[in-house]
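Protein chains: 2
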Amino acid sequence: MSLQGRDKKHLWHPLTQHKSHPNHIAITKAKGAVLYDENDNEYIDGISSWYTCVYGHCNAYIIDKVCAQMETLDHVVFTGFTHKPAIELSEKLIEILPDNQEKLFFSDNGSTAVDVAIKMALQYHFNHDEKRTKIIALENGFHGDTFGAMSVSGLSVYNGPFEEFFIDVSRIPVPNAENLDEVKALFTQLITEHEVAAFIYEPLVQGAAAMQMHKAEHINEILKIANEHNVVTIADEVMTGFGKTGKNFASEYIETKPDIICLSKALSAGMVAMAITSCSQKIYDAFYADDMKKGFFHGHTYSGNPIACSAAIAGIELLQSDEIQANLKRIEASHKVFDEDIKKHPKVGNTRQQGQIYALDLNIEMERYGNLRDKLFNSFMNKGVCLRPLGNTIYILAPYITTDVQLQKIYTAIWETIEEL
Amino acid sequence: MSLQGRDKKHLWHPLTQHKSHPNHIAITKAKGAVLYDENDNEYIDGISSWYTCVYGHCNAYIIDKVCAQMETLDHVVFTGFTHKPAIELSEKLIEILPDNQEKLFFSDNGSTAVDVAIKMALQYHFNHDEKRTKIIALENGFHGDTFGAMSVSGLSVYNGPFEEFFIDVSRIPVPNAENLDEVKALFTQLITEHEVAAFIYEPLVQGAAAMQMHKAEHINEILKIANEHNVVTIADEVMTGFGKTGKNFASEYIETKPDIICLSKALSAGMVAMAITSCSQKIYDAFYADDMKKGFFHGHTYSGNPIACSAAIAGIELLQSDEIQANLKRIEASHKVFDEDIKKHPKVGNTRQQGQIYALDLNIEMERYGNLRDKLFNSFMNKGVCLRPLGNTIYILAPYITTDVQLQKIYTAIWETIEEL
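Heads up: the sequence lines are chains A and B, in that order.
Everything in the first sequence is counted per my numbering, starting at 1 for the first residue and increasing by one.
Everything in the second sequence is counted per my numbering, starting at 1 for the first residue and increasing by one.
These aren't lab readings, by the way, just hints derived from the structure by calculation.
Keep in mind that a hint or two might mislead.
Any copy, or any two copies together, can satisfy a pair, since identical chains are not distinguished.
[Unchecked claim] Derived pair list, reagent style DMTMM-like, types lysine to aspartate or glutamate, alpha-carbon separation capped at 25 Å:
no. : residue 1 : residue 2
1   : K29       : D64
2   : K9        : D290
3   : K383      : E42
4   : K343      : E416
5   : K31       : D64
6   : K19       : D285
7   : K8        : D290
8   : K92       : E38
9   : K8        : E317
10  : K293      : D374
11  : K31       : E42
12  : K224      : E130
13  : K29       : E71
14  : K131      : E164
15  : K8        : D291
16  : K131      : D168
17  : K134      : E164
18  : K8        : E88
19  : K29       : E88
Let's have the full structure, built from the sequences with the hints guiding it.
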């Protein structure tokens, strides 16, 4: 039986209605920017497997480091114990994170990184004997699927069964040139009238909201107000981290730095699950006390896993290499040239770019999980390109090692698909 | 600078008050049942690094499989795509899970496996147009640290800042010979008076509650009542799974099978983070519909990660090998012999064993995170054995490849430590 056939027996895929979407394409190998399926078809991985494999699939440099780590130390409890991969990663990561970030707390995915950040923010105030319980989030933000992360997400698609269990969240519109004064007033009002613990936001690019982008100077105005009122600021850089926006982190573009940053996805270089919640000394100090109870009693078994840390170290080394830095500039420039042409197409509406992230909206209404969206996806796959449209938004977030020829293949697939619509 | 010194700069460890516990022992390598620190000290890993590395550290059989997988396919989106490691793992795992388990849903750690299980249970009723929102859990159960998992945990140590965000949970005592009728009556009353969606329990052994054990026939009575009222039953086998209790899963001892099982820890053989929430066809079918909304819109980026799946496949192959099966019997018998003697010690109170899990309580009151508990931990470490007492409970859950000589070293460390108290 084909892999696709065997898949149907026991696997329940994420974010999938299996009745309307019974078939899953069986990928058998991957190398660089290319995925290969069981029928020997090739696809350019135009979204880096959900923004993870940015240094390319099955990268020899990363594999060598990870295999060496597996031979030396696979795993050890991270309470009472430590190890070199976690220490080296902490040193390398703190070096490239915004200057105010001082401490790293490990977990296993973006959702738990956000749950950790929310718990840190709530307990920060609790430890200061202040009762603050409300979280403010951006409209259409997405932060994950655990109960805490789901609560702060404005975009979760079908939350009916869970809504009554959400933590206390208020939302503000994403600030822009037109609404800035209004949003500032609303934010200030919320802080004045409620006990606001934290503000969570995806800096510069809201990924799941179809790569919606906002300006650094506008979000900065909100962060300044948060700081004035000691509202803990949480930057969710799970998607934007590690070079995606043109700098290592989107927060670098924004003058006011966050108290807490959530990292995952490209953090572990597309190898295995890992997440980190980093924070400033101010946050950490609120937990450092003679009173045991003031500590942060959160933990996951594979916290700080040495194998995942070794992948992350290799990833940062690659990110800092001249080769990848040159590639980042090349791909960013290439997308700009593509944009100059495609944005004139009558079926294309808004287009936008931030570093490696390029998005265009079609002038056609589409449901997020509807037939038209599926038709787009299938059209790209038939042309040998893996792109996953978000409703009527087509976006590219290709591995940093994608060649010019491969980029052209992506652009051509988009042109042809739009023409055929 | 020593690794221990460098550790202090940027790492925030889980479940740690850094002011009272500033020093973390730096482990530099591991092999089989032994951990080595940066000062060349050796420690038998008497708790399998939190019940993960049960086939031994840096196991060549597992490493070979994982490295081969890394060379072939590191990662791919698991929505719309599938791959051989996930398929093979699903076939192997379904073969050894209780017969009623049919589908597997991936996530990354025990907490998310529980959040997924709770969301499945809530949406199961929602999709059947039934409003059921209360969860019933056992007193002193522990299920993880994300908001959902924390809510159902009765044991979470310091929940002050978070309690008001918990989902709606009622607790029942762990059933035993004395209280069985009472607990059954309470459980029935809760189900009759409230809209109960699910019952979650750690089958046979409550790990974080200091390896408290209960009998299969008593918990079975509760499960029977749950089934009669269509209350979804969730077995949290994150700790008990994969041979710990003497069978592959603790649920095998209990006549009534759970609707949902949470798996992690030893699932991925001590290599990298991964979790699975398995379920029966009945649960899956409630989500399988023409209506997109009835699908389960939960997902984590590294869901079904091929590298983690390859480790899990190797782990199951080892678990089923004659060698490991013989080891399981040998270690279980060895603990029994040790127990015969130590239980007579005047400082020892209750002792208990379930397969590989051995626990003894000291006749001394201790705080869970107090000085006396730390003194015990340090005494074991000084004798070359890593055991992490839970309050006044000393327990052993050694790798399945621990030799008789290594077991004797563990037993001697316990004898000597108790004598010195």
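Now the hints, each set against the structure:
1. In the homo-oligomer, the alpha carbons of K29 and D64 lie at most 25 Å apart both inside one protomer (18 Å) and across protomers (17 Å), since each shortest distance falls under that limit.
2. In the homo-oligomer, the alpha carbons of K9 and D290 lie at most 25 Å apart only across protomers (19 Å), although the nearest pairing inside one protomer, at 54 Å, exceeds that limit.
3. When the C-alpha separation of K383 and E42 is checked against a cutoff of 25 Å, the pair qualifies only within one copy, where the shortest distance is 9 Å, while the shortest distance between copies is 57 Å.
4. Taking identical chains as interchangeable, the C-alpha atoms of K343 and E416 lie at most 25 Å apart only when both belong to the same chain, with a minimum of 14 Å there against 77 Å between chains.
5. Taking the shortest alpha-carbon separations for K31 and D64, both the intra-copy value of 15 Å and the inter-copy value of 19 Å come in at or below 25 Å.
6. In this assembly of identical chains, K19 and D285 lie within 25 Å of each other by CA distance solely across copies; the values are 10 Å between and 51 Å within a copy.
7. Taking the shortest Cα distances, K8 and D290 sit within 25 Å of each other only across copies (17 Å), while inside one copy they are farther apart (54 Å).
8. Taking the closest pair of Cα atoms, K92 and E38 come within 25 Å of each other only across two copies (21 Å); inside a single copy the shortest separation is 39 Å, beyond that limit.
9. For the identical chains of this complex, K8 and E317 are inter-copy neighbours only, at 23 Å across copies versus 40 Å inside a copy, given an alpha-carbon limit of 25 Å.
10. In this assembly of identical chains, the alpha carbons of K293 and D374 lie at most 25 Å apart only when taken from different copies (16 Å versus 51 Å within one copy).
11. In this assembly of identical chains, the alpha carbons of K31 and E42 lie at most 25 Å apart only when taken from the same copy (10 Å versus 40 Å across copies).
12. In this homomeric assembly, K224 and E130 come within 25 Å of each other (Cα to Cα) only inside a single copy, at 21 Å, whereas the closest approach across copies is 46 Å.
13. In this homomeric assembly, K29 and E71 come within 25 Å of each other (Cα to Cα) both inside a single copy, at 24 Å, and across copies, at 9 Å.
14. Taking the closest pair of Cα atoms, K131 and E164 come within 25 Å of each other both inside a single copy (22 Å) and across two copies (11 Å).
15. In this homomeric assembly, K8 and D291 come within 25 Å of each other (Cα to Cα) only across copies, at 19 Å, whereas the closest approach inside a single copy is 52 Å.
16. For the homomeric pair K131 and D168, the shortest alpha-carbon distances inside one copy (13 Å) and between copies (22 Å) are both at most 25 Å.
17. When the C-alpha separation of K134 and E164 is checked against a cutoff of 25 Å, the pair qualifies both within a copy, at 15 Å, and between copies, at 11 Å.
18. For a Cα distance limit of 25 Å, the shortest separation of K8 from E88 across copies, 12 Å, qualifies, whereas the shortest one inside one copy, 42 Å, does not.
19. Taking identical chains as interchangeable, the C-alpha atoms of K29 and E88 lie at most 25 Å apart only when they sit on different chains, with a minimum of 15 Å there against 31 Å within one chain.
Hint compliance for this structure: no hint is broken.
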